[in-house]
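The hints should help you fit chain B onto chain A, whose structure is shown.
Residue-level listing of the chains:
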Amino acid sequence: MDKMLYIAMSGAKQNMQALAINANNLANAKTTGFKADLSQARSMQAFGEGQPTRVFAMTESASQNFDSGSLLTTGRPLDLAINGEGWFAVQTPEASYGAGLGGLGSGEAYTRQGNLRVTEDGTLETANGELVLGDSGPIILPLPVNNIQISADGTITVQPEGAPNTEQEEVGRIKLVNPDVRSLSKGSDGLFRRKDGQDETADANVQVRGGTLETSNVNPLYEMTDMIALQRQFEMQLKLMKTAEEIDASSSSLLRTF
Amino acid sequence: MNPALWISKTGLDAQTKDIAVISNNLANASTIGFKKSRAVFEDLLYQNINQPGGRSTANTELPSGLMLGAGTKVVATQKIHTQGDMLNTDNSLDIMIQGEGFFEILLPDGTSAYSRNGQFTMDDEGSLVTPGAGYQLLPQITIPPDALSIIISQEGEVSVTIQGQPAPSIVGQINTVNFVNPTGLEPVGQNLYIETQVSGVPQVGVPGIAGFGMILQGALETSNVNTTEELVNLIESQRVYEMNSKVISAVDEMLSYINQQL
Chain A
0 MDKMLYIAMS GAKQNMQALA INANNLANAK TTGFKADLSQ ARSMQAFGEG QPTRVFAMTE
60 SASQNFDSGS LLTTGRPLDL AINGEGWFAV QTPEASYGAG LGGLGSGEAY TRQGNLRVTE
120 DGTLETANGE LVLGDSGPII LPLPVNNIQI SADGTITVQP EGAPNTEQEE VGRIKLVNPD
180 VRSLSKGSDG LFRRKDGQDE TADANVQVRG GTLETSNVNP LYEMTDMIAL QRQFEMQLKL
240 MKTAEEIDAS SSSLLRTF
Chain B
0 MNPALWISKT GLDAQTKDIA VISNNLANAS TIGFKKSRAV FEDLLYQNIN QPGGRSTANT
60 ELPSGLMLGA GTKVVATQKI HTQGDMLNTD NSLDIMIQGE GFFEILLPDG TSAYSRNGQF
120 TMDDEGSLVT PGAGYQLLPQ ITIPPDALSI IISQEGEVSV TIQGQPAPSI VGQINTVNFV
180 NPTGLEPVGQ NLYIETQVSG VPQVGVPGIA GFGMILQGAL ETSNVNTTEE LVNLIESQRV
240 YEMNSKVISA VDEMLSYINQ QL
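Chains A and B supply the protein sequences, listed in that same order. Position 19 (the first sequence) corresponds to 18 in numbering that gives the first Met the number 0; numbering is contiguous. Position 199 (the second sequence) corresponds to 198 in numbering that gives the first Met the number 0; numbering is contiguous.
Excised from the complex, chain A in its bound form (with noise of 0.2 Å):
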């Protein structure tokens, strides 16, 4: 068959899939401290005998956009941002059955959502469930508490229940990593993780800023035109595989006449 066909078939197709990450990014313009996914097409060329001109496309989602979102002010002592570049160190499941895997990861990823919540017994973990991890493991509150502060570098301080105002009790601080993003990758769940599986040492220098959240960083405008251009993309290589039928046709009536 026409390699015309093939290649202009493969081009359409990557294009979907790119439509794919532009409506992910989309679906996800309310979702706190979500990440827009970057995509990127690439030529892979598969010569052979006669003229290369065999070059398909691939898509690939290269990386992710790192810029901050904006802020939005809640006034719940809870939510948290992160002012700038760092992470929230989180704990996911694979933790507790990360030794079995001989172990591969300590389950620490890292999060930008700092929509905290206090379980009952007294953990601080994600609106997602993830356990938000201090200096030294998961963070846990002892309970009951009444005021729970949290600093801009992240120390915990709670007024234990029946205590004056005047005494505050520092439980932990909630551990706060810097790494360069380029070393960093998205897993599955959307939580992001070290390349290399190696855990981060904390920064000193990231700063949260409680009653904030910070929402997605998808920029709808860019990801429309871009779905734009892809759609109209897609129509020029479906015309060329409307192309192809017809020179095929003409072709075949060419050697119809003999």
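Be a bit skeptical, because a hint or two may be false.
Unchecked claim - Simulated DEER-style distance windows between Cβ atoms:
hint: 1; chain 1: A; residue 1: F46; chain 2: B; residue 2: S63; range: 16 to 26 Å
hint: 2; chain 1: A; residue 1: T156; chain 2: B; residue 2: S29; range: 46 to 56 Å
hint: 3; chain 1: B; residue 1: T110; chain 2: A; residue 2: N146; range: 26 to 36 Å
hint: 4; chain 1: A; residue 1: Y221; chain 2: B; residue 2: L230; range: 18 to 28 Å
hint: 5; chain 1: B; residue 1: G52; chain 2: A; residue 2: I246; range: 22 to 32 Å
hint: 6; chain 1: A; residue 1: G186; chain 2: B; residue 2: G131; range: 42 to 52 Å
hint: 7; chain 1: A; residue 1: G186; chain 2: B; residue 2: V205; range: 41 to 51 Å
hint: 8; chain 1: A; residue 1: Q197; chain 2: B; residue 2: Q172; range: 56 to 66 Å
Claimed, not checked - A few chain B positions that, by computed beta-carbon distances, are all more than 12 Å from chain A:
hint: 9; residue: D123
hint: 10; residue: P130
hint: 11; residue: I149
hint: 12; residue: V159
hint: 13; residue: P167
hint: 14; residue: S168
hint: 15; residue: Q172
hint: 16; residue: T182
hint: 17; residue: Q196
hint: 18; residue: T226
What the hints contain is simulated information worked out from the structure, not anything from laboratory work. The beta carbon of each residue, even a glycine, is placed where N, CA and C say it ideally should be.
Chain B only, in chain A's frame:
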């Protein structure tokens, strides 16, 4: 079919739920003791189409793979238990809690529910009950029929003055209840919440002492809904909804173009 169709569908679903939460907040903007909710979004699983690090040729690797997300989802609606504003009514049976705490209300089935709504009235026997359904406040407070005035102290002590008696007599004590995780309480309507496994067990205490909120007589706590904020949220959700539906129509156009051209 094209994954983008289903991904956008999750976006439409989530925004519809968000708009439902926003409209419930706005509908309850003047409900006494109401606490606003917000929808919490989460991105769904990612699907690995091309694994990063996979082989592209015998001796080269793909530097980055293709991971397609599956869209978004509303994982929770979170009640935001911040303090509402104070509304002075000068009605002696209107009370509000300033700070943390809930009133304990006896449900008809004998279990307890918890409320921040302090608009109490009396039933035919003089007991303090909720204004709507007439559920009793716990611990039970009975106002004698010959009481001239009712005084409720900041610590919840209820006393009445009776004709002919110079000193007020104490008729009861209103205790409040704290929870470790008030967000975990389950709202059941009628301004009531019930205890769940994640809210923690109720801790009964004297108002104004050791972290329990003070009681103020003659005042009510208004809803903590910020209407401006809700309207901004509504605009945002509506536009995100429109963008997601735009993706669906774009995919639809692409598919119909295939059918026309080929």
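Status of the hints after comparison with the structure:
1. F46/A / S63/B: 16 to 26 Å: For S63/B against F46/A, whose Cβ atoms are near 23 Å apart, the range 16 to 26 Å holds.
2. T156/A / S29/B: 46 to 56 Å: Roughly 36 Å apart at Cβ, these two residues miss the hinted range, so it is violated.
3. T110/B / N146/A: 26 to 36 Å: 30 Å, holds
4. Y221/A / L230/B: 18 to 28 Å: 26 Å, holds
5. G52/B / I246/A: 22 to 32 Å: 40 Å, violated
6. G186/A / G131/B: 42 to 52 Å: 48 Å, holds
7. G186/A / V205/B: 41 to 51 Å: For V205/B against G186/A, whose Cβ atoms are near 49 Å apart, the range 41 to 51 Å holds.
8. Q197/A / Q172/B: 56 to 66 Å: Distance hint for Q197/A, Q172/B holds at roughly 58 Å.
9. D123: 39 Å, holds
10. P130: The claim stands: P130/B keeps its Cβ more than 12 Å from every Cβ of chain A (closest is about 29 Å).
11. I149: 29 Å, holds
12. V159: 30 Å, holds
13. P167: About 29 Å separates P167/B from the closest Cβ of chain A, which puts it past 12 Å; holds.
14. S168: The claim stands: S168/B keeps its Cβ more than 12 Å from every Cβ of chain A (closest is about 30 Å).
15. Q172: 18 Å, holds
16. T182: 6 Å, violated
17. Q196: Per Cβ check, Q196/B is inside 12 Å of chain A; nearest 7 Å; violated.
18. T226: 15 Å, holds
The structure does not agree with the numbered hints 2, 5, 16, 17 stated previously, though it agrees with the rest.
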